[in-house]
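What follows is the residue order along each chain.
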Amino acid sequence: MSQEANADFSEEEKDILQEIMNIAFGNATADLAEVIDIYVMLSVPNIKAIAIGALPEYLRKTINEDVESSIVEQKFWGNFKGSGLLVFPSGSGKDILAFLDNKEVKDYNGDASATLEKSGLLEIGNILIGACVGKVSELLNTFVTYSPPQVIQNEKNEFNHLIEHFDPQQSAIVMKTIFTFKEKNINGFLLILTNHESIGWLRKALNDFMDSYE
Amino acid sequence: MINKILIVDDSPVARRMLKTCIPKDKGYEIFEASNGQDGIEKYKELNPDIVFMDLTMPVMDGYKATAKIKEIDKNAVIIVTTADIQPKSIASVMELGAFTLLKKPAKASSIQEAIAKVELKINTLQEK
Numbered sequence: 001m002s003q004e005a006n007a008d009f010s011e012e013e014k015d016i017l018q019e020i021m022n023i024a025f026g027n028a029t030a031d032l033a034e035v036i037d038i039y040v041m042l043s044v045p046n047i048k049a050i051a052i053g054a055l056p057e058y059l060r061k062t063i064n065e066d067v068e069s070s071i072v073e074q075k076f077w078g079n080f081k082g083s084g085l086l087v088f089p090s091g092s093g094k095d096i097l098a099f100l101d102n103k104e105v106k107d108y109n110g111d112a113s114a115t116l117e118k119s120g121l122l123e124i125g126n127i128l129i130g131a132c133v134g135k136v137s138e139l140l141n142t143f144v145t146y147s148p149p150q151v152i153q154n155e156k157n158e159f160n161h162l163i164e165h166f167d168p169q170q171s172a173i174v175m176k177t178i179f180t181f182k183e184k185n186i187n188g189f190l191l192i193l194t195n196h197e198s199i200g201w202l203r204k205a206l207n208d209f210m211d212s213y214e
Numbered sequence: 001m002i003n004k005i006l007i008v009d010d011s012p013v014a015r016r017m018l019k020t021c022i023p024k025d026k027g028y029e030i031f032e033a034s035n036g037q038d039g040i041e042k043y044k045e046l047n048p049d050i051v052f053m054d055l056t057m058p059v060m061d062g063y064k065a066t067a068k069i070k071e072i073d074k075n076a077v078i079i080v081t082t083a084d085i086q087p088k089s090i091a092s093v094m095e096l097g098a099f100t101l102l103k104k105p106a107k108a109s110s111i112q113e114a115i116a117k118v119e120l121k122i123n124t125l126q127e128k
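If you're matching them up, the sequences are chains A and B in order. Each residue of the first sequence is one higher than the one before, counting from 1 in the numbering used here. Each residue of the second sequence is one higher than the one before, counting from 1 in the numbering used here.
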């Protein structure tokens, strides 16, 4: 099965979405920088339309199937509906916690820190996903509600659970950026997945957004 | 007097949005470049009065392109237009000699205000 399902979006619509995601990811990192003293470098966002059935394989390849990952997932609902995924290499939790607390990694030991690590990941995930999805919603004149974020320790990098409620014949829009916490040498992905139900609305919203600049 | 404006951004949509914010009744010639490297080449070729520069771009980012253009012409007027509004990003581009930084998405009022400031600066320099 081909991973690409570009027929749903024109090149121009993809360009508009890419620019909106660029603005949204930039907004998210600025929000994070208000909370912690960190400089986040971002890649140019990548937009893909992917058949739902091919999504787990795409995520496995994107997230590097050989490396265990820690994933923060937060669902959002509204006209713009889907999931935000913040993906870190497994083991980054202590580093993240250390810079949230302004401490050294060696200050954290034992099982007690596992709960703290999880809360650190949730905090970062909540800020980045919330700010990013929130900015997209603002720019496209809609609003969303969020489920609480959850941490998925993904030892086998299996992603089938993400698509269990979707028709595998439908497609999803995947928006991805790679980010680096510069001083900490931590790399990760921020992915926003929006499902088939949102595509019609999204196309109209993108065109309305651009029309406001004509 | 401002004659030529160069927009450096990898996104054709961002370039289009910015173009719509630039006054049409002033007779500005507007040129476009799709990454930092392209921007440097167009700068050398066109010697524009204002460069609108994005930061996150493939091939060469806006930080490197800003530094390079300022090396070529220390009086170059570079207005950074970016979604990356982290304090450290803003400080970096201002250190490189950017004229100002404007947050994306482009807004006609802020673009026109920035152009007016450049116009004032150019006029003041010409009077001296």
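Calculated directly from the structure, the hints in this document are not laboratory data. Glycine included, every Cβ here is placed at the ideal spot set by N, Cα and C. Don't take every hint at face value.
Pairs of lysine-lysine, DSS-like flavour, derived with a Cα cap of 30 Å [said to hold, decoys possible]:
(1) B:K117 x B:K4
(2) B:K107 x A:K48
(3) B:K103 x A:K75
Simulated restraints on C-beta separations [stated by the list, open to error]:
(4) A:S10 x B:L120: 40 to 46 Å
(5) B:K64 x A:W201: 35 to 41 Å
(6) A:G53 x B:L120: 57 to 63 Å
Evaluated hints:
1. B:K117 x B:K4: holds, 15 Å
2. B:K107 x A:K48: Within the cut-off at roughly 28 Å; holds.
3. B:K103 x A:K75: The hint holds at about 28 Å.
4. A:S10 x B:L120: 40 to 46 Å: The hint (40 to 46 Å, Cβ to Cβ) holds, given that S10 (chain A) and L120 (chain B) are roughly 41 Å apart.
5. B:K64 x A:W201: 35 to 41 Å: Once the Cβ atoms are compared, 39 Å apart, the range 35 to 41 Å for W201 (chain A) and K64 (chain B) holds.
6. A:G53 x B:L120: 57 to 63 Å: This hint holds: roughly 59 Å between Cβ atoms.
Of the numbered hints listed earlier, not one is contradicted by the structure.
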